[in-house]
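Here are the chains, one letter per residue:
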Amino acid sequence: GAGVSQSPSNKVTEKGKDVELRCDPISGHTALYWYRQRLGQGLEFLIYFQGNSAPDKSGLPSDRFSAERTGESVSTLTIQRTQQEDSAVYLCASSSPGSNQPQHFGDGTRLSIL
Amino acid sequence: AQSVTQLDSHVSVSEGTPVLLRCNYSSSYSPSLFWYVQHPNKGLQLLLKYTSAATLVKGINGFEAEFKKSETSFHLTKPSAHMSDAAEYFCVVSDSRRGYKLIFGSGTRLLVRP
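Each protein sequence line maps, in turn, to chains A and B.
Here the first sequence is numbered in the numbering used here, starting from 164 and rising by one per residue.
Here the second sequence is numbered in the numbering used here, starting from 5 and rising by one per residue.
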C-alpha cells in the first residue's frame, strides 16, 4: 500500500519568504507527526496530531512555525518569514492509534534557505 | 528526562563481519526503545522495538538488539554485514509522559567496506 507522502521533496527559497510543506499520511492512520532533522543530527519532534484532539505543539521552535490538519487527512507545516537556521529536512510520520505504535516516515522535504 | 546516547558517530566494518552499534539510554521508568535506519535521502524505517517483553528483540534484515537494564544499554547487532546495510542508524526512546513523542539519538553512520 501507499506510504507516507511528502511534497515537495526539495524546496529552495529566499530568507524572509513563507513556505508550506505537505504531508499525506497512510490511510487509516489517525496519528501524524512532524520532525525536523538538521544536517548530521537526529530528529527533533515538532508537533503531534491525534484524531480530533488538540495537537501537541510543544516542539515548535518559534511562533513562525505552525501546522494544520483537517480530520485524519493531509497536514501542512508552514514556516513564516524563513531564516537560514530553518534549513533542514522536515519529516512527517503517521501511525495507528495507541501507545508505542510504530511510526511510518515519509522521505522528507529538504528545505534550503538562501 | 529521557535521553539516548549513541556512542559512535561512525562505524566501519568489512562486508561479512559482525556489526555492533552502541546505544545507552537514560530513563526513570521502563522505557520503550527503538532502532530506526535511514538510507540516503530517504525517510526512516523501523528496524525493531522493545516494549518490555523479551529482552532480546529480533528485527528486520537480520538485525537484533538486547535490552540490558543493569547497563542501561540497547545495542544493535548483526552477525554479518551486507553492503546494503550502509546507512544511518538511530537509537530512539519514547517519552515517559507522552509515549507518542520519540527522542532520537544523534545517529551512527555505518560504512561497509567490500
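Hints are computed from structural coordinates only; laboratory data are not their basis.
Misleading hints may appear alongside valid ones.
With a straight-line cut-off of 25 Å between C-alpha atoms, the simulated PhoX-like cross-links for lysine-lysine are [to be verified]: (1) Lys105/B <-> Lys72/B; (2) Lys46/B <-> Lys174/A; (3) Lys105/B <-> Lys220/A; (4) Lys62/B <-> Lys73/B; (5) Lys53/B <-> Lys105/B.
Pairwise CB distance ranges, derived in the manner of DEER restraints [as the list claims (entries may be wrong)]: (6) Pro218/A <-> Ala57/B: 27 to 37 Å; (7) Gly203/A <-> Gly66/B: 35 to 45 Å; (8) Leu115/B <-> Pro171/A: 22 to 32 Å; (9) Thr59/B <-> Thr176/A: 20 to 30 Å; (10) Thr176/A <-> Pro83/B: 26 to 36 Å; (11) Lys180/A <-> Ser16/B: 38 to 48 Å.
Since we're looking at a predicted model, the values are computed, not measured.
Quick reminder that beta carbons are idealized off the backbone N, C-alpha and C, glycines included.
How the hints compare with the structure:
1. At roughly 22 Å between alpha-carbon atoms, Lys105/B and Lys72/B fall within 25 Å of each other, so this suggested pair holds.
2. Between Lys46/B and Lys174/A the CA atoms are separated by roughly 16 Å; this keeps the pair inside 25 Å, and the hint holds.
3. Taken as a hint, the Lys105/B and Lys220/A pair is honoured in the structure, with Cα atoms around 11 Å apart against an allowance of 25 Å.
4. Proposed proximity of Lys62/B and Lys73/B is supported: the alpha carbons are some 17 Å apart, at most 25 Å.
5. At roughly 15 Å between alpha-carbon atoms, Lys53/B and Lys105/B fall within 25 Å of each other, so this suggested pair holds.
6. For the pair Pro218/A and Ala57/B, the beta carbons lie near 31 Å from each other, so the given range of 27 to 37 Å is met.
7. For the hinted restraint 35 to 45 Å between Gly203/A and Gly66/B, the CB-CB distance of approximately 27 Å leaves it violated.
8. Between Leu115/B and Pro171/A the beta carbons are some 30 Å apart, a value that agrees with the proposed interval 22 to 32 Å.
9. Range check, Thr59/B to Thr176/A: about 48 Å between beta-carbon atoms, so the 20 to 30 Å window is missed.
10. A beta carbon spacing of about 46 Å between Thr176/A and Pro83/B contradicts the range 26 to 36 Å that was offered as a hint.
11. Take Lys180/A and Ser16/B: their Cβ atoms lie about 41 Å apart, and the range 38 to 48 Å holds.
Figure legend: structure checked against the earlier numbered hints; hints not met, in rising order: 7, 9, 10.
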